[in-house]
Amino acid sequence: MKQFDTVAHIFLLFALGLGAVGIYRSRYDATGQFLVILVLAVFYILWGVLYHHLKGDLKRKLFFEYLILASIASVVGFLVFGR
Amino acid sequence: MIRQKITKHFVPHRNEQGQHQRALALTVPALFLYLQILVVLTAGLYLIRLKAPHILGTAQFTAEQIIALTNAKRLQNGLASLSYNDSLSRAANAKASDMMARDYWAHNSPIGDTPWSFITRTGYRYIFAGENLARDFNDAGSVVDAWMNSPSHRSNLLDKNFKEIGVAVVNDKFGSRESTLVVQMFGTAVSQAPATQPLAQTPGEGLGQQIKPSPVAVAQAPASPGPATGAVSNPTEVTVLATKQFSIAKGAALGLVSFIFLLFALEIVVTLRRADVRLRSGIIAHLALLAFVLFAVWYAVQGAII
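As given, the protein sequences belong to chains V and A, one line each in that order. Taking the working numbering, the leading residue of the first sequence gets 10, the next gets one more, and so forth. Taking the working numbering, the leading residue of the second sequence gets 1437, the next gets one more, and so forth.
Possibly wrong hints are sitting among the right ones.
Ranges between beta-carbon positions, derived for each pair [said to hold, decoys possible]: (1) A/Leu-1486 to V/Asp-14: 45 to 51 Å; (2) V/Thr-15 to A/Asn-1513: 48 to 54 Å; (3) V/Tyr-33 to A/Asp-1712: 37 to 43 Å; (4) V/Tyr-33 to A/Lys-1487: 33 to 39 Å; (5) V/Leu-27 to A/Ile-1473: 27 to 33 Å; (6) A/Gly-1514 to V/Phe-20: 46 to 52 Å; (7) V/Tyr-33 to A/Gly-1454: 44 to 50 Å; (8) A/Leu-1698 to V/Ile-54: 20 to 26 Å; (9) V/Phe-20 to A/Thr-1443: 47 to 53 Å; (10) A/Pro-1587 to V/Thr-15: 36 to 42 Å; (11) V/Gly-41 to A/Leu-1698: 52 to 58 Å.
Dumping the calculated SDA-like pairs for lysine to any residue here, alpha-carbon to alpha-carbon at most 20 Å [what the hints assert, rightly or not]: (12) V/Lys-68 to A/Lys-1596; (13) V/Lys-70 to A/His-1456; (14) A/Lys-1596 to A/Lys-1609; (15) A/Lys-1686 to V/Tyr-33; (16) V/Lys-70 to A/Lys-1596; (17) V/Lys-11 to A/Leu-1723; (18) V/Lys-64 to A/Arg-1716; (19) A/Lys-1686 to V/Lys-11; (20) A/Lys-1686 to V/Gly-31; (21) V/Lys-68 to A/Gln-1455; (22) V/Lys-11 to A/Gln-1455; (23) A/Lys-1680 to V/Asp-38; (24) V/Lys-64 to A/Phe-1468; (25) V/Lys-11 to A/Gln-1472; (26) A/Lys-1686 to V/Leu-44; (27) A/Lys-1686 to V/Lys-70; (28) V/Lys-11 to A/Thr-1707; (29) V/Lys-68 to A/Leu-1715; (30) A/Lys-1686 to V/Gly-41; (31) A/Lys-1686 to V/Lys-68; (32) A/Lys-1686 to V/Ser-83; (33) V/Lys-70 to A/Gln-1457; (34) V/Lys-70 to A/Arg-1538; (35) V/Lys-68 to A/Ser-1591; (36) V/Lys-70 to A/Lys-1609; (37) V/Lys-68 to A/Asp-1581; (38) V/Lys-68 to A/Gly-1718; (39) A/Lys-1609 to A/Arg-1538; (40) V/Lys-70 to A/Asp-1712.
To be clear, the hints were calculated from the coordinates, so they are not data collected in a lab. Yeah, the Cβ is synthetic: ideal placement off N, Cα and C, and Gly gets one too.
Chain V with its partners taken away, still in its complex shape (with noise of 0.2 Å):
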C-alpha cells in the first residue's frame, strides 16, 4: 500500500509539475493558463476519486473536499486570468 501510494503521488506531481510548466510557457497568454489550471482541476478530482477508490477509503466528505479544492482552483484561474 505504501508503494502505491508513492506511485500515485508521484504521477500526481508529476501532472502537476506539467501544468506548472504549461504555465511558465504561456505567460501573457492569460486564456491559455486558465485553460492548464482548468485541465488539472479536473485532473486533480479524477485522480482523488480513482487514489481513494483503489485504496478503499472513498467518502462523499472525501469527494466534496476534492471537489471544492479544485473548484478553489478553478475560481482563483478565473479571478486571476478571466480577461
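Assemble the complex: chain V is given as a structure, and chain A must be docked to it using the hints.
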C-alpha cells in the same frame, strides 16, 4: 481557554471523545466558505468591470509613448530609431478597429485579412513589415517590456530591417467589456530598400514578414505617401482603464490560497510531530495542488500579447 478555542481553528486537535480532529478552518464547510468568498469576489470584480469599469481607475496611455520606448530599446541594442509613419499608424488603427468590430484577438481576421492587408490598404508599399499586438496593459512600459520578454516580439522590435513604425492604442468595448488594444506595425517602404536582400524571416507569434520588392499584391497598391520622419505628428492620447482589477484579484487570490496552504502545511507538521496521529489521507495531494495554484497566481502578469 480562549487560546485553546483559537488554536482549535488552526491546529489539529483532539475532541472531548479523544478523537483526532482537523483544524476547524480546514473542515469541508470552512473550505466551502473560502470558495464562496472567492466566487463573490470574482463576480463583484467582473460586474464592476462590466458595468462601471471606471471605478477601477483610468490612466493616460499614448501611441507616442510606445514608439518612444520602442526606440529606446532599439538604441540600447545599438540599432537605429524607427521613424513615425502615418500610413502605418492608420493601418494599426484600422487593425485595432477591425478587431474590436469583429471581436477577434489574432493576427489574421476571421474573414482572412492579414496584417499586410491593412498596411497595403493605406497605400504603404513595403519590403519588410511586422506586427505586434497587446491588450489590457495599464501603461506603455508594461507593453514594451512584455514584448521584449517574448523572443518573437522582441525580434520584431529589434529587427534592423525595419525603418518605420506606426502604433494604435484603442480603448473601447471588446467583446462584452472595455478593453485596451495596442497594435504596433513596423515597415520598410520600397523606397528604403537596402542594397542587399536579407534572409527570409520566420513569422513567430509577433508577426514579421519580408518580401521581395515587387510582389503582385504590393505592386498593385497605390504609391506610398512617403514616410513622415522625426517626431510623431499626430499622437493619439487615449484614456485607458487602469485595471486595478488584476492587482486586487492577484492579491486576494494569493492571500486566500496562501492561508489555506499554510493551514494544510501546519496540519502536516503537527501530525508528524505526534506519534499517535496518522497523516490524513489526501492531504499531501491538497498541498501539492495549492502549491501549483500559488505558483500560477504568483507568475501571472497583466495583459496579453500575441
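Would the pair A/Lys-1686 and V/Gly-31 pass a check requiring their Cα atoms to be no farther apart than 20 Å? holds (19 Å)
Assuming the hint says 44 to 50 Å, is it satisfied by the Cβ distance from V/Tyr-33 to A/Gly-1454 or not? At roughly 47 Å between Cβ atoms, A/Gly-1454 and V/Tyr-33 fall inside 44 to 50 Å, so the hint holds.
Restraint status (C-alpha distance of A/Lys-1686 to V/Gly-41 at most 20 Å): holds (17 Å)
Hint check: V/Lys-11 vs A/Leu-1723, CA-CA at most 20 Å. Holds or violated? The given pair, whose Cα atoms are some 19 Å apart, holds under the 20 Å limit.
Just to be careful, I want the Cα atoms of V/Lys-70 and A/Asp-1712 compared with a cutoff of 20 Å; is the pair within it? violated (23 Å)
If you draw a straight line from the CA of A/Lys-1680 to the CA of V/Asp-38, is it 20 Å or shorter? Holds - the C-alpha atoms of V/Asp-38 and A/Lys-1680 are around 19 Å apart, at most 20 Å.
Is V/Lys-11 close enough to A/Gln-1455, meaning Cα to Cα at most 20 Å? Distance of about 24 Å is beyond 20 Å: violated.
V/Lys-68 and A/Leu-1715 were given as a pair; does the straight-line alpha-carbon distance stay at or below 20 Å? holds (17 Å)
Given the proposed pairing of V/Lys-68 with A/Ser-1591, does the C-alpha separation stay at or below 20 Å? violated (55 Å)
Straight-line Cα separation of A/Lys-1686 and V/Leu-44 no greater than 20 Å? holds (17 Å)
Are the Cα atoms of V/Lys-68 and A/Gln-1455 separated by 20 Å or less? holds (18 Å)
V/Lys-11 and A/Gln-1472: Cα distance at most 20 Å? The hint is violated at about 36 Å.
The earlier numbered hints that this structure contradicts are 9, 11, 12, 14, 16, 19, 22, 24, 25, 27, 31, 34, 35, 36, 37, 40.
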